[in-house]
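Model the full structure from these sequences, guided by the hints.
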Amino acid sequence: MDDIAIRVENISKSYRIGTAPERYRTLRDSITNAGRHILAARHLAARLSAGRSDLARSPDPSSHSTIWALKDVSFDVRRGQVLGIVGRNGAGKSTLLKILSRVTEPSTGQAEIHGRVGSLLEVGTGFHPELTGRENIYLNGAILGMKRVEIERKFDEIVEFSEVGQFIDTPVKRYSSGMYLRLAFAVAAHLEPEILVVDEVLAVGDAEFQRKCLGKMSDVAQAGRTVLFVSHNMSAILRLTEETLVLEKGRLAYRAATPEAVDYYMAAGFSDAGERLWQASEVPADAAPFQPLALRVRDPKGRVVDTARSTEPLSIEVEYRLDQPITGLRVGIYLLTMRGEYVFTSFDTDDPGKFEQHSTRPAGHYVSRCTLPANWLNEGRYVLAVNASAFHVKRYFWDDHALAFNVDATGAPGKHWPEPRLGPVRPALDWMIETL
Amino acid sequence: MDSIIFLRPTRGLAALNLRDLWVYRELVYFLMWRDLKVRYKQTLLGASWAILQPVVQMVIFTLLFGGVANLSSEGVPYPVFNFTALLPWGLFSKALSDAGRALVNNRNMITKVYFPRLVIPVSSVLAGLVDFAIAFGVLVLIIIYYHFAPGANFDFHFTPALLTLPLFLILALVSALGFSLWLSAMNVIYRDVGHVLPFLTQIWFFITPIVYSSSEISSKWQWLYALNPMTGVIEGFRWAILGTQSTPALLLIISTLVAVVVLISGLFYFRRMERSFADEI
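Chains as they are written, first to last, in our numbering: chain A, 339 to 774; chain B, 2 to 282.
It is worth saying that the hints were derived from the structure and are not from the lab. Keep in mind that this is a model prediction, so the values were computed, not measured. Glycine included, every Cβ here is placed at the ideal spot set by N, Cα and C.
Selected chain B positions facing chain A (in silico; Cβ < 8 Å):
1. Leu28
2. Lys38
3. Ala279
This is the structure we're talking about:
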């Protein structure tokens with residue numbers, strides 16, 4: 339009996355990070371390295387002749403500049419299963435998918451894949467701006483491993499799904515980004531592999547398009563094919579998958595039925611202090627010159643709290659440092675439910691006057707603070723995400739999982755009925771009751 | 002039952018796995034076709050560049066080497082002598098410069114999707130065949146012109162040797178692919194290759210009998226000279242088309258051997274480096 343689609347055994351993947359990551363390896367480096375290797379080999383030979391046999395087999399165990407993007411990950415996926423994979427940025431999700439879709443090899447360990455793998459790691463791979471939509475369908479299809487007859491057979495379906503119809507013979511450089519994306523997804527979605535690997539494609543595109551993509555994915559799943567689905571969108575994960583893996587720092591931290599795994603993921607890694615501090619080493623290098631320092635939730639008395647009261651206003655502050663001036667910077671927060679649904683998004687320069695006033699923020703130490711009114715949030719646990727960006731220029735920093743806090747609804751409207759209220763907000767509305 | 006793919010770290014010399022390349026042969030075709038379609042987009046003269054480039058080269062060499070330096074062209078009009086060599090040389094030098102950069106230029110594909118990486122240099126080398134075919138048409142016209150031109154003192158004859166021409170074309174492709182595999186895989190890891198390529202091509206041009214004849218080289222050193230497989234290719238072309246000199250047998254044997262060794266070693270080197278392409282590129 340063999341109904342396994344994917345079996346992963348102790349897969350690890352290490353990356354070398356040089357002291358200067360921007361540089362390519364040059365011949366000179368290799369020559370000096372070769373010299374070092376010769377010395378190392380002599381050393382080894384000396385140890386061998388001394389009768390020692392405890393040689394490390396790993397490529398370069400002493401190297402301090404090796405990071406493990408994945409470490410000893412094992413799991414298997416049944417044929418026809420839809421498996422979710424969640425984890426924070428840098429947890430190893432993308433590396434795992436790259437290994438499973440054969441883009442890169444594992445450093446150690448092995449995996450078995452039963453059947454053709456189609457990956458939607460990034461749609462539109464190999465699209466050429468100068469070629470027309472029609473030509474790109476053929477090219478992209480071939481890159482994804484489709485046969486020419488297969489593409490011909492599905493051509494009309496792809497065009498229809500993409501809704502680019504009349505522009506099919508226009509070079510894609512003249513497409514809007516929405517059209518481009520729809521066409522790219524349409525090709526990938528018609529690949530019909532036995533195993534479909536999907537990464538974050540749903541993060542782009544408008545709501546209607548996202549709905550369509552999710553629909554296509556459930557079709558794939560219903561046709562009995564195996565799907566691996568990576569997303570930050572917990573509601574999509576909950577809707578589409580039965581079981582979910584949680585990756586943390588390259589390790590498989592948890593595997594369970596999706597609702598439990600999502601709860602675990604959303605709750606994991608949060609301190610209960612109502613405060614999140616960032617060490618310089620936790621912040622990606624490309625965030626510079628923006629350096630996040632802290633995110634805090636405070637009650638009206640200014641105390642940092644883990645549990646805020648629904649009946650009181652609460653303030654949220656982001657503390658950060660700019661090492662150089664940034665023009666057009668906006669620092670903002672997202673509030674999410676534990677299911678990963680967005681409640682709202684707000685930036686410190688949403689007010690045009692403020693944006694004008696802070697058009698260029700000089701280097702320095704800042705706090706951006708906002709206040710959520712009383713009688714606003716329902717009881718429950720919420721997640722805060724932080725975003726610092728300049729619109730259409732650069733996203734300096736993004737942590738979609740920065741801090742979680744509780745809201746206690748004691749004294750809130752309707753609390754005299756001991757029942758949970760649906761929805762993330764619990765406003766105190768001014769009801770009128772009239773007799774007619 | 003569908004096939005099982007095993008993913009594990011490969012060590013040592015990897016198997017060539019050429020079957021995979023065969024499965025993806027349509028991708029080779031599509032990439033060639035993409036390169037050709039895109040190459041002359043937004044150019045004023047379009048595909049006529051494929052004719053203009055070798056013709057202009059030939060005119061310059063004729064003036065410089067045939068006229069000023071007065072190099073021997075073995076009794077054939079210098080333009081014919083030179084253009085016959087420029088055909089396979091064009092194929093080869095274009096392959097070196099295109100295929101050498103091809104992997105890096107297709108970085109986004111390599112880091113996102115699996116396909117046999119060999120597809121990229123192979124399609125890049127084969128795309129040169131189209132330019133070759135166009136330039137070949139020009140050569141036919143040049144030959145016809147000199148055949149009928151009064152006072153050119155050149156008569157073209159159909160000889161059985163002409164039938165061997167496809168073999169020399171294959172030898173040119175084998176050489177081009179062999180060196181391209183080495184250079185493209187090295188370029189992923191050492192970007193120095195990109196800087197070296199222009200010089201390399203230039204030096205190679207002069208150690209290959211393009212503007213002169215290999216008979217200028219003393220017979221004592223012919224074997225050394227033939228280590229450059231393009232020597233065999235070009236003398237083969239001249240022998241097959243123009244019927245110059247006797248069969249360059251020694252040259253051909255040495256050149257063919259070198260070309261085959263470079264191709265096979267290039268395949269193994271490429272396969273060995275391939276596993277780290279997605280991480281290093």
